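With these hints in hand, go ahead and build the complete structure from the sequences.
Chains as they are written, first to last, in the working numbering: chain A, 1 to 590; chain B, 1 to 451.
Derived from the structure by calculation, the hints contain no laboratory data. The structure displayed is predicted, hence computed values, not measured ones. A couple of the hints might just be wrong.
[To be verified] When the alpha-carbon atoms are kept at most 27 Å apart in a straight line, the in silico DSSO-like pairs for lysine-lysine are as follows:
| no. | chain 1 | residue 1 | chain 2 | residue 2 |
| --- | --- | --- | --- | --- |
| 1 | A | K194 | A | K165 |
| 2 | A | K264 | B | K283 |
| 3 | A | K201 | A | K484 |
| 4 | B | K248 | B | K399 |
| 5 | A | K158 | B | K399 |
| 6 | B | K153 | B | K2 |
| 7 | A | K264 | B | K399 |
[Stated by the list, open to error] Restraint ranges, calculated between C-beta atoms of paired labels, are given here:
| no. | chain 1 | residue 1 | chain 2 | residue 2 | range |
| --- | --- | --- | --- | --- | --- |
| 8 | B | A328 | A | R88 | 52 to 58 Å |
| 9 | A | A200 | B | A303 | 41 to 47 Å |
| 10 | B | T34 | A | P586 | 54 to 60 Å |
| 11 | B | V335 | A | E425 | 28 to 34 Å |
| 12 | A | K428 | B | V335 | 24 to 30 Å |
| 13 | A | S145 | B | G430 | 55 to 61 Å |
| 14 | A | P413 | B | S349 | 31 to 37 Å |
| 15 | A | E270 | B | A37 | 53 to 59 Å |
| 16 | A | S89 | B | S414 | 38 to 44 Å |
| 17 | A | K428 | B | S414 | 29 to 35 Å |
Heads up, the beta-carbon is just placed ideally off N, CA and C, and yes, glycines get one too.
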Amino acid sequence: MARTEPKKDVVIVGLGWTGSIAGIELAQEGLDIVALERGHDQNTVPNFEYPQQIDELKYGVRVKMMQKPSQQTLTVRRSGDETALPYRSLGSFLPGNGVGGAGTHWNGLNWRPMPEELRLRSYVTENWGEDIIPEGMTIGDYPVSYDELEPFFTQFEKVAGIAGKAGNLNGEIQEGGNPFEGWRSEEFPMPAHKPTFDSAKFGEAASAMGYHPFTASAGIASTSYTNPYGMQMGPCNFCGFCERFGCYQYSKSSPQTAILGALKQYPNFEYRTNSEVLKIETAPDGQTATGVTYWDEEAQEEVFQPADIVILSSYQLNNVHLMLLSGIGGPVYDPVTGEGVLGKNYAYQMNGGVSMFFEDEQFNPFVGHGANGIALDDFAINQNDFGALGFIGGSYWRSGTFNGQPIRSMRLPSGTPAWGAGWKEGIKKWYGHSMSIGSHGSHMAYANNHLDLDPTYTDRHGRPLMRMTFNWQDNDLRMNQYMKSKMEPLAASMNPDLMQSGFKGPGAQYDVRPYQTTHNTGGHIMSTNAREGSVNRYSQAWDKHNVFVMGAGNFVQNTQYNPTGLVGGLAYHTVNAIRTQYLSNPRPLV
Amino acid sequence: MKTFLRILAGLVLVGVIALLAFIFVPVQRTEPTTELAADWQAAEGQGELVLDAGDCVACHTSDDGESLAGGRAIASPMGTIWSTNITPDAETGIGNWSFADFRAAMIDGVTPNGTHLYPAMPYENYRLMTEEDMRALYDYLMTEVEPVSAANKDTNLDFPFNQRWGIRAWNWLALTHDAGFTPAGVSDAQDRGQYLVESLGHCGACHTPRNTFMAQDGVTAESESFLAGGVVGGWNAPALRGDDAGIKGWTVSELADYLATGRNAHSTANGEMALVVEHSLQKLPDSDNIAIAAYLKGMDGDAFDLPEEVAAAGPIATPEAEADDAGAATAELLVSADPDMPLGARLYSDNCLGCHFASGKGAPGIFPELQGNGLVVGSEVSPLISVILNGAEVPPTAKRPMTLRMQGYADRLSDDEVAELATWLRGAWGNDAGAVAPEAVAEVRDSDSAH
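As structure tokens, this is what we get:
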């Protein structure tokens with residue numbers, strides 16, 4: 001050990017959304033806090049400034065905002081029969097890097113889970129019986145209910161600056177909102193966005209079929225906005241550079257626009273960048289953590305940072321990796337015996353969609369934002385008859401240009417040549433004449449899908465890489481096929497000249513190469529007792545009471561929505577427990 | 001150059017008169033306006049508030065130095081003046097100064113050894129301070145501030161400005177007003193505002209035009225020139241009164257927001273004003289910023305409502321404004337996507353419209369409106385050029401902790417393009433200000449690269 005830093009009250013590992021939330025809420029308690037961030041510092045200007053930022057080749061194609069595999073990666077296999085190989089080229093998912101983390105380069109799709117999703121096993125059992133749960137599916141109940149989390153969802157939405165229209169205010173269904181959503185105690189803090197042409201067209205077709213369309217909620221400012229910390233957002237100009245980009249317009253909800261400026265005002269808070277945490281250190285009695293060891297990139301040395309409380313708030317994959325390396329979070333999960341908890345219930349997202357081409361309609365594909373669109377929840381988890389349909393799950397649908405970037409947004413009819421004169425002909429004919437509908441579906445937890453340490457490969461610090469074992473499962477593929485069967489008639493009702501579907505079907509195998517989604521969940525799941533998960537209802541490690549673990553790794557199984565809303569709500573729930581219960585008497589809270 | 005010659009001529013004349021006076025009249029300190037009891041004690045926090053409202057820290061602290069230990073270079077038309085150490089260090093600061101010495105510096109501009117301060121120290125305005133505030137500030141500096149040993153840098157101006165006795169004569173012209181504060185008695189809030197504006201805040205030092213002798217052309221509202229707009233270091237300090245004042249259309253609440261946070265529904269603070277917000281105004285209680293705003297609005301006899309708080313906590317969602325009648329034609333041109341639109345409008349569309357919008361109204365609290373914006377239509381064009389080339393930054397403040405930074409376009413736009421854009425901005429949405437020449441852009445660009 002080259003260096004030991006003076007002890008802090010709190011060390012935060014990773015300065016993205018949840019690290020920033022923990023930072024500011026605990027700084028308000030007067031605690032002495034340091035946040036360690038593996039990546040670089042970044043601010044709207046100069047890091048995301050116009051026009052340098054809207055370089056699609058650099059950020060959209062070459063994904064320069066993301067973690068570099070040479071810096072950190074994992075190995076991937078589809079089942080225990082295969083040998084996992086390193087994820088050397090970013091494809092299926094894109095972990096972020098630097099201050100703000102994935103909160104800087106997301107699309108701004110902020111959703112709450114449905115109440116039923118947080119008690120899924122009970123919901124299924126009560127309505128259809130335990131028997132419909134397929135063998136190998138390991139779904140459970142979250143140890144915290146929607147009602148308990150509601151104030152914290154609301155708090156996060158105010159901080160993050162979410163635009164939308166409530167569909168259920170304290171049980172009263174509201175015109176224009178999502179009638180199937182969980183109840184809200186308050187209206188959204190910002191009004192819903194105006195629709196683009198494609199989303200309006202989709203909304204009309206959906207209404208005509210008797211569905212219940214509404215404007216998707218957005219972490220994208222529809223007006224000037226000031227949040228409870230005094231932080232600000234400017235109204236979005238629909239440039240369409242959200243996902244994979246930082247926002248030059250101060251319009252996208254991010255730690256930079258929502259928290260960091262306010263956090264930096266606290267003299268009792270400091271953060272160190274280029275500081276990669278290697279391990280959480282444990283006290284000799286094994287009951288608590290003593291701090292973390294990190295790699296100081298600048299000094300090229302290992303540093304021990306002692307602290308009374310450790311907040312793990314790096315990306316889900318990295319949190320699980322650190323816990324595996326540090327022996328925190330309970331025994332490692334064994335998919336064969338079903339014993340152990342750490343690494344259990346890794347889940348993902350099951351998505352599909354339909355593209356439609358209209359020779360005589362002019363869409364402006366350069367106008368949009370990441371969370372743009374009209375959505376519907378008529379095929380959501382709480383609307384589907386799992387017993388009759390033969391699957392457990394659901395999805396929300398959405399239509400609206402969310403990517404205004406020219407290179408990756410040139411949708412073409414299948415069969416169009418991928419290059420040369422035929423491609424040019426196709427682009428000329430179809431650019432600006434197409435739209436799409438997406439299905440964003442749930443992903444259940446399964447015995448096969450888990451995370452552990454790789455026996456072969458190590459990282460630049462000599463630590464074993466984490467190994468992901470993941471494949472698609474029949475239940476979710478059946479759900480996806482059901483969405484196809486329902487979405488195609490809706491698309492056809494809009495009378496496109498051409499339409500084509502992209503839904504994975506029976507027998508589909510996970511391919512880590514093409515981008516799918518960066519909604520990696522589970523691995524250090526929440527549970528009612530230490531035999532079933534790694535952390536309790538307050539995201540407090542069962543085995544080390546001064547370690548709190550933020551993020552989507554807490555998800556018992558993934559929901560049908562983008563994870564940020566639940567991640568934010570859980571983070572506020574956790575810091576509230578630390579403030580009101582833990583600080584006065586540090587102990588296991590359950 | 002013309003101004004310089006005028007100043008020179010003025011000062012030479014002043015010098016001759018002063019020389020005679022210097023021979024015949026001994027230096028006399030102004031008597032205190034009130035006699036305070038020997039055991040008088042300032043209220044809790046009063047001294048610090050006077051320090052903040054007087055913006056002492058901004059000038060008396062260098063970029064990397066200890067607070068109040070001096071050493072900041074103050075650019076003046078006569079050359080660089082170095083601010084001094086006002087910590088209670090006996091050797092290098094003011095530790096050996098009596099209260100009478102301190103008062104004399106604050107209201108007569110004279111140090112204990114009889115040296116005249118350069119009027120970069122706004123004793124013209126501090127002269128209006130109450131005796132209570134003077135004592136509170138003195139006691140605070142002497143007892144609450146840690147002494148710092150930091151030798152003062154000598155201010156060496158060229159002849160004739162290095163002849164400090166000349167200032168004594170200048171004081172005869174500039175310090176014609178009585179010491180102490182006389183409230184107008186309109187309302188408590190306005191009286192408090194008047195005091196902060198006239199005295200502690202020394203707003204007139206920038207916002208009041210200078211007369212032939214470079215003295216403020218009036219230090220109280222009794223003078224018509226008071227706060228009628230000045231020019232400081234190539235920046236317009238806009239008029240704060242009269243129908244043409246940029247703040248004419250602002251409410252008291254909006255004006256108070258601007259003072260406390262450097263941003264409001266219309267504009268953002270730049271240049272010197274950003275420093276005033278950062279070092280002084282954001283630290284004042286809401287009631288004081290409301291008082292300042294009420295006084296300024298009341299100067300023209302406008303009716304107003306007093307807000308209860310300044311820059312309330314969120315969540316607050318404020319839609320951006322649509323173009324008004326004066327701006328409608330410009331807004332229409334910008335959204336027409338007409339390939340024949342003028343180059344300035346095209347440059348605006350490509351570089352500025354994303355944030356400031358076709359309406360030219362910007363977005364409340366974050367992106368300033370460009371229609372009627374004092375920096376856009378001011379007589380001085382270099383600030384506008386500088387913002388286009390180098391960007392701008394609104395500092396974080398207690399109630400609005402976000403740093404609002406606009407990127408510069410120096411690498412993207414040529415001198416001709418910046419001139420074209422600036423000229424177009426000065427005529428868009430009903431703005432009515434003159435053209436900007438490419439040479440003026442080149443000058444700003446060169447002076448920046450020389451730094």
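Are K428 (chain A) and V335 (chain B) spaced within 24 to 30 Å by their CB atoms? 27 Å, holds
Do the Cβ positions of S89 (chain A) and S414 (chain B) conform to the proposed distance bound of 38 to 44 Å? 41 Å, holds
Run the distance test for K201 (chain A) versus K484 (chain A): straight-line Cα separation, threshold 27 Å. Status holds; Cα separation ~19 Å.
Mind checking the alpha carbons of K194 (chain A) and K165 (chain A) for me, to see if they're no more than 27 Å apart? Roughly 11 Å between the alpha carbons, so the hint for K194 (chain A) and K165 (chain A) holds.
Holds or violated: 55 to 61 Å for the Cβ distance of S145 (chain A) and G430 (chain B)? Taking Cβ atoms as reference, S145 (chain A) and G430 (chain B) lie about 57 Å apart, which means the hint holds.
Measuring from beta carbon to beta carbon, are K428 (chain A) and S414 (chain B) in 29 to 35 Å? 34 Å, holds
Given the proposed pairing of K264 (chain A) with K283 (chain B), does the C-alpha separation stay at or below 27 Å? 17 Å, holds
C-beta pair T34 (chain B), P586 (chain A): status relative to the range 54 to 60 Å that was hinted: 57 Å, holds
Quick one, are K264 (chain A) and K399 (chain B) close enough, alpha carbons at most 27 Å? It holds: about 13 Å lies between the C-alpha atoms, which stays within 27 Å.
Please check whether A200 (chain A) and A303 (chain B) have a Cβ separation lying inside 41 to 47 Å. 45 Å, holds
Do V335 (chain B) and E425 (chain A) keep their Cβ atoms within the hinted range of 28 to 34 Å? Between V335 (chain B) and E425 (chain A), where Cβ atoms are some 32 Å apart, the hint holds.
CB-CB spacing for R88 (chain A) and A328 (chain B) relative to the 52 to 58 Å hint: 57 Å, holds
Consistency note: the structure conflicts with the earlier hints numbered 6, 15.
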